[in-house]
Each structure stands twice: as C-alpha cells, then as structure tokens.
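**Q** Take the sequences, apply the hints, and build the full model.
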Amino acid sequence: MEFTVIDVETANPDMSSICQIGIAKYEDFSL
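With this note's numbering, you'll find the sequence shown wraps up at 31, consecutive numbering, no jumps.
Heads up, some of the hints might be wrong.
Said to hold, decoys possible - List of simulated lysine to any residue pairs, SDA-like, C-alpha gap at most 25 Å:
1) K25 x I6
2) K25 x M1
3) K25 x V8
4) K25 x D7
5) K25 x E9
6) K25 x F3
7) K25 x M15
8) K25 x T4
9) K25 x V5
10) K25 x E2
11) K25 x T10
As the list claims (entries may be wrong) - Distance ranges between label pairs, derived from CB positions:
12) D28 x I6: 17 to 23 Å
13) G22 x M1: 19 to 25 Å
14) F29 x I6: 17 to 23 Å
Rather than coming from a laboratory, the hints here were simulated on the basis of the structure.
Where a beta carbon is used, it is the ideal one built from N, C-alpha and C, also for glycine.
**A** Following this line, the structure appears as structure tokens:
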C-alpha cells in the first residue's frame with residue numbers, strides 16, 4: 001500500500017494565505 005498526504009495550513013480564512021505545507025509519504029508500512 002502506498003499513499004501521499006499533503007497538509008496545507010493558512011494564516012487566516014483566505015485560501016491564498018498559505019503559511020505552512022506538510023507532506024508525508026506512506027509506503028510498505030513505513031512513513
């Protein structure tokens with residue numbers, strides 16, 4: 001099993017105010 005998760009945080013409700021991005025990849029029972 002393999003999947004990638006992208007988490008985007010905004011500074012306020014405005015979707016163009018991205019202040020942080022996190023990426024995690026899970027592959028063969030390993031993160």
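**Q** Please verify whether K25 and F3 have alpha carbons no more than 25 Å apart.
**A** 6 Å, holds
**Q** Should the hint that D28 and I6 are 17 to 23 Å apart at their CB atoms be regarded as holding?
**A** For I6 against D28, whose Cβ atoms are near 20 Å apart, the range 17 to 23 Å holds.
**Q** For the pair we were handed, K25 and M15, check the Cα-Cα distance against 25 Å.
**A** Holds, at about 24 Å.
**Q** Check the hint pairing K25 with T10 against an upper bound of 25 Å on the C-alpha distance.
**A** 21 Å, holds
**Q** Taking only the CA atoms, is the gap from K25 to M1 under or equal to 25 Å?
**A** 11 Å, holds
**Q** K25 and D7 were given as a pair; does the straight-line alpha-carbon distance stay at or below 25 Å?
**A** 12 Å, holds
**Q** With a cut-off of 25 Å on the C-alpha distance, tell me whether K25 and E2 pass.
**A** It holds: about 7 Å lies between the C-alpha atoms, which stays within 25 Å.
**Q** For the pair F29 and I6, does the Cβ-Cβ distance stay inside 17 to 23 Å?
**A** 20 Å Cβ-Cβ, so the 17 to 23 Å window holds.
**Q** What's the verdict on K25 and I6, does the C-alpha distance respect the 25 Å limit or exceed it?
**A** 9 Å, holds
**Q** When you check the alpha-carbon spacing of K25 and E9, does it fall within 25 Å?
**A** The given pair, whose Cα atoms are some 18 Å apart, holds under the 25 Å limit.
**Q** Are G22 and M1 spaced within 19 to 25 Å by their CB atoms?
**A** 20 Å, holds
**Q** Measure nothing beyond the straight line between the CA atoms of K25 and V5; if it is 25 Å or shorter, mark the hint as holding.
**A** 6 Å, holds
Going through the hint list in order, the structure satisfies each hint without exception.
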